Amino acid sequence: MLGQILSRLATAVPSVIGVVIVTFMLTRLLPGDPAAYFAGLAATPQAIAEIRGKLGLDKSLPEQFIVYVGDLLSGNLGTSLSTGQPVVTEIATRLPASAELTLVALIVSAGIAIPLGVLAAVKQGSWIDHLCRVVTTAGVSLPVFFTGLLFAYVFYYLLQIAPAPTGRLDIFVSPPTHITGFYLIDSALTGNGEAFWGSLRQLALPASAMAIFSLAPLARMTRGSMLSVLGSDFIRTARASGLAPRTVVFTYAFRNAVLPVITTLGMVFSFLLGANVLVETVFAWPGIGLYAVNALITSDYAPVQGFVLTMAVLYITLNLIIDVVYGLVDPRVRLDT
Amino acid sequence: MSAAPALAVEDLCVEFRTRSGVVKVLDQVGFSIAKGETVALVGESGSGKSVTAFAVMGILDAAGRVTSGTAMFGGSDLLALPERELAELRGRELSMIFQNPRTALNPIRRVGEQIADVLVRHGGATRAKAPALAIEMLKKVRIPDPERRAKAYPFELSGGMCQRVMIAIAIACRPSLLIADEPTTGLDVTTQAVIMDLIAELAREIGTATLFITHDLTLAAEYCDRIIVMHAGHVVESAPSATLFSAARHPYSARLLAATPGESGALASLASIPGSLPDLRRADLPSCRYSERCERRLDACAEPLPRTAVGEAHIVACRNPL
Ligand SMILES: Nc1ncnc2c1ncn2[C@@H]1O[C@H](COP(=O)(O)OP(=O)(O)OP(=O)(O)O)[C@@H](O)[C@H]1O
Ligand SMILES: [Mg+2]
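Each protein sequence line maps, in turn, to chains A and B.
Note that this note's numbering gives residue 106 to position 106 of the first sequence, counting from 1, and the numbers run on in steps of one.
Note that this note's numbering gives residue 392 to position 55 of the second sequence, counting from 1, and the numbers run on in steps of one.
Keep in mind that the hints were calculated from the coordinates and are not lab data.
Bear in mind that the values here come from a model prediction, so they are computed numbers and not experimental data.
Note that beta-carbon positions come from the ideal geometry of N, C-alpha and C, so glycine has one too.
Any given hint could be a false lead.
Chain A stretches covered by chain B per the calculated footprint, using a threshold of three residues with CB under 8 Å from any CB of chain B [said to hold, decoys possible]: (1) 231–237; (2) 294–300.
Here are some chain A residues pointing at chain B (derived, C-beta under 7 Å) [as the list claims (entries may be wrong)]: (3) F250; (4) G327; (5) D330; (6) R332.
When the alpha-carbon atoms are kept at most 20 Å apart in a straight line, the in silico SDA-like pairs for lysine to any residue are as follows [said to hold, decoys possible]: (7) K123(A) - E420(B); (8) K488(B) - Y37(A); (9) K123(A) - G401(B); (10) K123(A) - R354(B); (11) K123(A) - T355(B); (12) K123(A) - F353(B); (13) K54(A) - Y37(A); (14) K123(A) - K488(B); (15) K488(B) - G78(A); (16) K488(B) - T166(A); (17) K488(B) - K54(A); (18) K59(A) - P419(B); (19) K54(A) - G78(A); (20) K488(B) - T251(A); (21) K123(A) - I396(B).
All chains should be modelled from the sequences, with the hints used to inform the complete structure.
Rendered as structure tokens:
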């Protein structure tokens with residue numbers, strides 16, 4: 001198992017190299033001259049040239065690339081021009097905010113979609129099957145930023161039962177002691193009820209908006225996969241052996257049906273990583289998505305580079321985890337590789 | 338035949354709902370199997386052999402429905418039993434071996450565990466003791482190195498091995514009726530014989546009655562006391578194997594025998610059966626579903642199908658038998 005993980009890790013190396021090259025090129029090819037931007041409107045050409053020199057932008061592209069890779073290897077992602085903070089520090093403090101939001105959304109959505117899909121398949125044609133159909137059709141037609149805006153409008157503005165959509169915690173509540181950076185976990189670990197409740201309330205709307213978005217593909221895949229497994233020969237054998245319905249549905253059918261669901265879960269997770277950018281903007285969520293959007297507006301290279309790199313590494317890690325989980329569930333995959 | 342048969346099916350009718358209408362797949366199917374007897378159910382593909390077995394086991398697809406009939410088994414009617422009670426019997430008192438052993442086993446569960454599941458379900462063993470018993474069962478179906486094989490997944494075993502595992506699952510609780518649905522299809526010829534011998538031997542050992550479904554009449558004659566011939570959802574003839582081979586009375590049975598390569602194996606003598614199975618969705622199905630393929634048809638054949646006893650344990654459903 002360990003050897004397999006290592007060899008799988010090795011296959012990720014080319015992807016990482018590719019990502020490094022792409023992020024470098026991408027930010028150099030983006031429109032806008034950061035030197036001009038930071039020099040200000042009234043700057044003289046000499047002042048702009050001076051700033052360009054300071055940023056290393058007067059060097060040739062290959063030279064810039066070598067400097068860039070050298071910096072990366074020493075864990076230096078550069079400094080944000082607009083905030084003056086090292087990108088690594090900012091991403092490290094902001095990543096938990098995005099990760100917490102995405103994971104909560106994913107857990108909520110999987111927690112609803114998977115049981116819903118299983119029940120819909122087991123009780124085909126029942127009301128729960130119809131409910132599943134409604135959810136899967138409605139879910140795909142609602143883009144995340146729209147649900148987010150709608151939720152904020154209805155629950156905060158109209159009904160006033162949700163807190164203001166302004167970040168992870170109300171400004172009057174102090175954040176929990178930093179342990180993992182996940183407010184829910186940190187406040188639970190330190191027994192800080194106020195912060196836990198406060199961050200849960202702030203999470204509710206953006207996480208629901210994202211959960212609704214991912215509900216549809218997960219429920220549809222679970223239902224379809226369960227249906228096809230329930231119709232297979234070995235389920236007939238299990239029933240012919242008189243195994244209890246519980247065993248047939250969970251031990252025999254679900255464990256087989258969960259394989260494509262795991263793959264979908266990975267896809268949904270990467271959708272959500274992308275959707276984060278929109279949701280964080282709507283809810284002023286201090287995550288890496290919002291950070292990247294702000295940097296992009298100001299042609300601030302380093303944070304954009306850092307963001308794309310972080311996302312790519314997250315994505316590669318995610319796929320690795322999916323492969324490992326897949327291998328744990330399906331013995332055939334274990335040997336094939 | 339002893340007084341109380343192991344299984345007595347009467348008047349069994351099964352329909353399937355499909356997109357293109359209701360299919361009357363089984364019509365008044367009736368047969369019985371004595372305790373410890375081995376009976377073959379033969380007929381060409383699509384004649385309803387598997388559906389008969391599934392109906393008796395209560396494992397028809399959701400689209401299928403038993404519209405009438407009884408299947409008496411150990412004093413109770415399998416077709417009328419509530420699902421809970423039927424599930425208690427399945428795997429313990431009546432069990433089934435399927436065609437295509439590779440897909441009939443759970444692909445991601447160790448074969449030892451799959452045998453253990455059945456033992457635990459029917460109180461044959463506790464969870465703790467079941468693995469050892471499962472290995473015993475593997476030994477019984479003569480799988481070499483059973484300790485190691487118990488930990489294998491189906492894809493790590495050959496087709497023949499998988500079928501042995503399937504047999505182990507089926508006989509784990511010593512059932513009194515075993516249904517084997519084309520247990521050797523898809524296996525190579527040498528393995529076929531070995532598997533058939535194994536089923537026959539184990540069935541004899543635990544005294545179980547066996548319903549052996551096949552379209553191979555030679556195989557049926559070799560292993561079974563009696564042969565039941567099905568055509569398009571009807572039982573057309575039922576006779577002791579030797580009688581059927583020497584004096585088949587139903588025109589379809591005769592055709593089927595003629596289509597079977599004999600000992601000589603001369604391919605030239607191989608006659609094929611003219612026509613094909615009627616479309617069972619038709620509203621105007623004739624009472625004898627073979628009549629449209631039959632060269633012995635009479636006007637009287639339009640009347641309800643008879644069931645004539647023409648000899649000892651020999652029944653034929655034909656108005657103009659040979
Ligand atoms: N789920 C189903 N829906 C509709 N029709 C079905 C279904 N299952 C079986 N049938 C029909 O029932 C008839 C009998 O099928 P069955 O599988 O019993 O044949 P068989 O005698 O076992 O054939 P084979 O030798 O190919 O296994 C066929 O005409 C088939 O089309
Ligand atoms: Mg069949």
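What are the numbers of the hints that this structure violates, sorted from low to high? 2, 3, 4, 8, 14, 15, 16, 17 and 18
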